[in-house]
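Note that the protein sequences, when read in sequence, are chains V and A. If you read the first sequence in the working numbering, its first letter stands for residue 50, the second for the next number, and so on. If you read the second sequence in the working numbering, its first letter stands for residue 50, the second for the next number, and so on.
Hints in this document: simulated from the structure, not taken from any laboratory. The reader is advised that the hints may include incorrect statements.
Each computed DSS-like pair below joins lysine-lysine, with the alpha-carbon atoms no more than 27 Å apart [unchecked claim]: (1) A:Lys273 x V:Lys360; (2) V:Lys140 x V:Lys281; (3) A:Lys273 x V:Lys281; (4) V:Lys360 x V:Lys370; (5) V:Lys301 x A:Lys301.
Cβ-to-Cβ under 7 Å is the rule here; a few derived chain A residues that face chain V [unchecked claim]: (6) Leu276; (7) Gly279; (8) Pro292; (9) Arg297; (10) Ile299; (11) Gln318; (12) Lys374; (13) Lys375.
Every value quoted in this text rests on a predicted model; they were computed, and no experiment measured them. Where a beta carbon is used, it is the ideal one built from N, C-alpha and C, also for glycine.
Number of protein chains: 2
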Amino acid sequence: MRVVRRFQGCAALACALAFVAVAGAQDSALPSWNEGDAKRRIVEFVRAVSDSKGKDFVAPADRVAVFDNDGTLWSEQPMYVQFVFMLDQLKKAAPQHPEWKSNPAFQALAAHDKAALAKLGQKPILELLGIANGGMTVGDYDKSIREWLKTARHPKYQRPYTELVYKPMQELLAYLRANGFRTFIVSGGSVEFMRPWAEAAYGIPPEQVVGSQQEVKFEMQDDKPVLTRGPKFDFIDDGPGKPVGIYRQIGKRPIAAFGNSDGDLQMLQVTTAGEGKRLALIVHHDDGQRESAYDRESHIGKLDKAWDEAKSKDWIVVSMKSDWKKVFVFEKEKP
Amino acid sequence: MRVVRRFQGCAALACALAFVAVAGAQDSALPSWNEGDAKRRIVEFVRAVSDSKGKDFVAPADRVAVFDNDGTLWSEQPMYVQFVFMLDQLKKAAPQHPEWKSNPAFQALAAHDKAALAKLGQKPILELLGIANGGMTVGDYDKSIREWLKTARHPKYQRPYTELVYKPMQELLAYLRANGFRTFIVSGGSVEFMRPWAEAAYGIPPEQVVGSQQEVKFEMQDDKPVLTRGPKFDFIDDGPGKPVGIYRQIGKRPIAAFGNSDGDLQMLQVTTAGEGKRLALIVHHDDGQRESAYDRESHIGKLDKAWDEAKSKDWIVVSMKSDWKKVFVFEKEKP
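Work out the full structure, taking the sequences as your base and the hints as a guide.
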């Protein structure tokens, strides 16, 4: 078919041009990263798998990179952003649910009791949210998220949450894509909470967002086909759920994985268990001044087992404090 | 960031070149389609949504097209290909499962009793398969599919099943992509049965295959992280399940949908219920000579309610007999 052949010809030309441009500009990639081990190892990995004559070459179709979201691509302190949204939603819905007063998850949320929330885990809280927005059409739910994101502000930075994206990670995503990678989010959060802003913030389209899944069912309302939300979660994309989400939605083993907490451990394990060159990276939150300092003892984004495994397997551990010139996209460069 | 900016520059150049090439070659697109209403309406739709100055313009990010697989992109007669594979798998596994002798689904499969199979629906048969391959790692299951596809032959055409792809639909997929669309499969079949060959046959990568999902769980075996298959299906991507699968995995309402049976009705309804220009197309199997002739009374690929709706809503109904010059990719052109 002529159309296709001609188009492919153009695409090949573009690839060649892009390759020249990227190769030439390689050294200026990742400008918000300080020179050091982390940056050097990232660049070495990308060069190795992109070098068609090298022993570590990986075909572009297999260059799949997966990123955790909370704490890896944007801030998760003092509370997962989706939880802040949920709390607002639950507060709104509470008068219709007097039975919640005795629910431990609602009590912990209402009291901002992080220790209790951490003990409970994500499940009971996601279930409460499921009840709160059960029956809504997916369109109405999407609207409520977009509205909230417009007006909500982070308590510390007083900025919209969507500005709390890490500049160095944004650059890393773009750098990988410029080198033929496909980039995916794989998050414990709900897909619908990330999709409205992931494309603008990260360059990641909705179909490349993998996350937890609430029940959704098809029905006809006034002769119009709609999808409505059920009260339960069908799938929690966290911890051992992450490799399952990757298998279901991506269908390929990633060659690079990026996380920051124990919830990412299994995703990093599955990624590095594949044959050939692999990249595993953990963002360590050690910058209490520009962001937050937390790891083994944290209720949110606990980094304990995954840190031990990172050390024993020589995964890259990024120090936000010393590896990053900038942290947030809105931030000025370090003097 | 310089790398990215340069790369985007190249991409834009490629788009411009591709656009010129595509616009010039537009008239030679879809060479296996006869001139007629179906082809004309497809081309008109694609031009309308791609014309950045027209009232029907759709941004490339929203040009999502979804295709049913069985009976829409490849042959489904005399039996869904996945069922043939399953039958072979079940026969192999039967000695370990004497209890199946009294199972109606196994009896119907073993007797090739299409009427009984149609009555039972997909669910009990998928459940049997779930038991047969439960406990296997996803890697081993993938191997068994690839091995089978290499050796199995279609009873009528005596060719590998992967050659039973419809040439005009292959062209249509490429034509849409050349015009900025992203193309997805949305099938009642299992994702793992399509992914091994969908890229070569259709140009559709694994993450753009939406389908039914069997239970999968993460575990460590001999210190290696693996995913193993459970006995049940978590999700059946058929009928009202298709819009759910689209919502979960694609996260956007398609602007074009292509099917051939009642199992595609809800997908077509949801697609056409969106605002703006939409395309809904049904492949009608009316070519008993080159392929098979079946519709309202068929046990496989029954086209009844969706046909009525297509007529009342003026969706495109493609006659394989008169709209297609070629049917299969291996076939010579009609004299």
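Verification of the supplied hints:
no. : hint                : result
1   : A:Lys273 x V:Lys360 : holds (18 Å)
2   : V:Lys140 x V:Lys281 : holds (19 Å)
3   : A:Lys273 x V:Lys281 : violated (32 Å)
4   : V:Lys360 x V:Lys370 : holds (18 Å)
5   : V:Lys301 x A:Lys301 : holds (22 Å)
6   : Leu276              : holds (6 Å)
7   : Gly279              : violated (10 Å)
8   : Pro292              : holds (5 Å)
9   : Arg297              : holds (6 Å)
10  : Ile299              : holds (5 Å)
11  : Gln318              : holds (4 Å)
12  : Lys374              : violated (13 Å)
13  : Lys375              : violated (12 Å)
Figure legend: structure checked against the earlier numbered hints; hints not met, in rising order: 3, 7, 12, 13.
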